[in-house]
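S.K.: Letter by letter, the chains look like this.
2 protein chains.
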Amino acid sequence: MRIPNHIGVIPDGNRRWSVNKGFSKEKGYNSGLLPGLMLFQLCQKVGVKELTYYGFTTDNTKRPKVQREAFTKACVEAVEMLSHENADLLVVGNNKSPMFPKELLPYTTRKTFGKGGMKVNFLVNYGWEWDLGNLMENDSNNRKLITNCLKTNDISRVDLIIRWGGRRRLSGFLPVQSIYSDFYVIDDYWPEFNKNHFYEALNWYNSQDITLGG
Amino acid sequence: MRIPNHIGVIPDGNRRWSVNKGFSKEKGYNSGLLPGLMLFQLCQKVGVKELTYYGFTTDNTKRPKVQREAFTKACVEAVEMLSHENADLLVVGNNKSPMFPKELLPYTTRKTFGKGGMKVNFLVNYGWEWDLGNLMENDSNNRKLITNCLKTNDISRVDLIIRWGGRRRLSGFLPVQSIYSDFYVIDDYWPEFNKNHFYEALNWYNSQDITLGG
Numbered sequence: 001m002r003i004p005n006h007i008g009v010i011p012d013g014n015r016r017w018s019v020n021k022g023f024s025k026e027k028g029y030n031s032g033l034l035p036g037l038m039l040f041q042l043c044q045k046v047g048v049k050e051l052t053y054y055g056f057t058t059d060n061t062k063r064p065k066v067q068r069e070a071f072t073k074a075c076v077e078a079v080e081m082l083s084h085e086n087a088d089l090l091v092v093g094n095n096k097s098p099m100f101p102k103e104l105l106p107y108t109t110r111k112t113f114g115k116g117g118m119k120v121n122f123l124v125n126y127g128w129e130w131d132l133g134n135l136m137e138n139d140s141n142n143r144k145l146i147t148n149c150l151k152t153n154d155i156s157r158v159d160l161i162i163r164w165g166g167r168r169r170l171s172g173f174l175p176v177q178s179i180y181s182d183f184y185v186i187d188d189y190w191p192e193f194n195k196n197h198f199y200e201a202l203n204w205y206n207s208q209d210i211t212l213g214g
Numbered sequence: 001m002r003i004p005n006h007i008g009v010i011p012d013g014n015r016r017w018s019v020n021k022g023f024s025k026e027k028g029y030n031s032g033l034l035p036g037l038m039l040f041q042l043c044q045k046v047g048v049k050e051l052t053y054y055g056f057t058t059d060n061t062k063r064p065k066v067q068r069e070a071f072t073k074a075c076v077e078a079v080e081m082l083s084h085e086n087a088d089l090l091v092v093g094n095n096k097s098p099m100f101p102k103e104l105l106p107y108t109t110r111k112t113f114g115k116g117g118m119k120v121n122f123l124v125n126y127g128w129e130w131d132l133g134n135l136m137e138n139d140s141n142n143r144k145l146i147t148n149c150l151k152t153n154d155i156s157r158v159d160l161i162i163r164w165g166g167r168r169r170l171s172g173f174l175p176v177q178s179i180y181s182d183f184y185v186i187d188d189y190w191p192e193f194n195k196n197h198f199y200e201a202l203n204w205y206n207s208q209d210i211t212l213g214g
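In order, the protein sequence lines correspond to chains A and B. So for the first sequence, UniProt numbering puts the first residue at 1; every next one is plus one. So for the second sequence, UniProt numbering puts the first residue at 1; every next one is plus one.
Any given hint could turn out to be false.
Repeated chains share a single entry, so a pair holds when one copy, or any two copies, can fit it.
Straight-line Cα separation of at most 30 Å, DSSO-like style, residue types lysine-lysine; simulated pairs [unchecked claim]:
(1) Lys96 <-> Lys144
(2) Lys49 <-> Lys62
(3) Lys65 <-> Lys115
(4) Lys27 <-> Lys144
(5) Lys65 <-> Lys144
(6) Lys195 <-> Lys62
(7) Lys96 <-> Lys151
(8) Lys144 <-> Lys102
(9) Lys62 <-> Lys144
(10) Lys25 <-> Lys111
(11) Lys144 <-> Lys195
(12) Lys65 <-> Lys49
(13) Lys151 <-> Lys21
Calculated from the structure, these hints are not laboratory results.
Chain A extracted, bound-state conformation (with noise of 0.2 Å):
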């Protein structure tokens, strides 16, 4: 089976969840920590090389404050949860502003915890006008000089995207990244993820075709 390198989450339907089960819209995130524990665990375990969360946008910052400070509170312990891991793990997002939180400084630079292993990437106040923000005038359509001057350089190509919560947009995801990721939706809610989730979109990856635009 042909396994992705490179895995985005968009871990979506928090708030949907939260509603449906009768409860206030910021109380589904803190639901959302396990199911990132398990999928960190899966993809460990069949080999995959980078995983990137999408933790919460610029965009996402203009919810109403109970909801940003839940999510925010949500990202810093999934961070803090996934540092007792074995896993090489970066935090990316503009941190030079006050929507970013101080407790995940210390994890903007790469670090090796445990054992290492998978990269894995944490989106925090993530933006795509951050992201591009640094590009610099080269009109050269040099490929590699653009990579190199986005704020996420660290992070690679992303093979395979998966997005919970059945929404069909990349909600702004790593704009150049993603150019050629495939994309797999899953209806349910972020909360009620399953190990079977993951191992059908990798058996639907399995059968696309990689040809670049070739």
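Starting from the known structure of chain A, arrange chain B on it as the hints suggest.
M.R.: Just chain B, lined up with the frame of chain A:
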């Protein structure tokens, strides 16, 4: 019904369709011309304001010469066909490259044909690296500044992308304008286009929420 302002079209599957019919791969492109016209007319009818066709990319030009010549010819004919309609037409792509067909140079500034109306963009020898290659050093995270520096700055945000041919990826289609695009995939090949595909995509789009991350 909520009609998207701007629809992006990825007309994929011409080669697979051709091979299934017992022809060689490059024969399929010509059968994409009529679908292109039908789609234009449907968009006009329901009041779409802007329509962008994914002609061919810089990556596509690495294919065998016989294919390259066939898809280039089909793009030239498609643009000439659209110039007989009522449209504000623009061909966008790297026209300094020998891969750009000379016949389309007159279309590289937007012109009104007939009574004008819908903005129609046709991407020819388009590459994401070409599009982003002119971004200026600004480090301002200012979206307006970034989008102004895109080579495709005359193309607005895409609301709905429809891809024919079953592949679930963007393949470099306008990475910035497609940040929040809803992405609808039709399994049938582009030469098999029929108007129900279009109405299915519109119905699906109508059922989506538009949050832009909020």
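S.K.: None of the hints should be skipped; say for each whether it holds.
M.R.: Hint check:
no.	hint	verdict
1	Lys96 <-> Lys144	both (26 Å within a copy, 20 Å between copies)
2	Lys49 <-> Lys62	between (33 Å within a copy, 29 Å between copies)
3	Lys65 <-> Lys115	neither (38 Å within a copy, 49 Å between copies)
4	Lys27 <-> Lys144	neither (42 Å within a copy, 35 Å between copies)
5	Lys65 <-> Lys144	between (39 Å within a copy, 26 Å between copies)
6	Lys195 <-> Lys62	neither (32 Å within a copy, 39 Å between copies)
7	Lys96 <-> Lys151	both (13 Å within a copy, 29 Å between copies)
8	Lys144 <-> Lys102	between (32 Å within a copy, 29 Å between copies)
9	Lys62 <-> Lys144	between (33 Å within a copy, 18 Å between copies)
10	Lys25 <-> Lys111	neither (33 Å within a copy, 49 Å between copies)
11	Lys144 <-> Lys195	neither (36 Å within a copy, 41 Å between copies)
12	Lys65 <-> Lys49	neither (36 Å within a copy, 36 Å between copies)
13	Lys151 <-> Lys21	neither (38 Å within a copy, 47 Å between copies)
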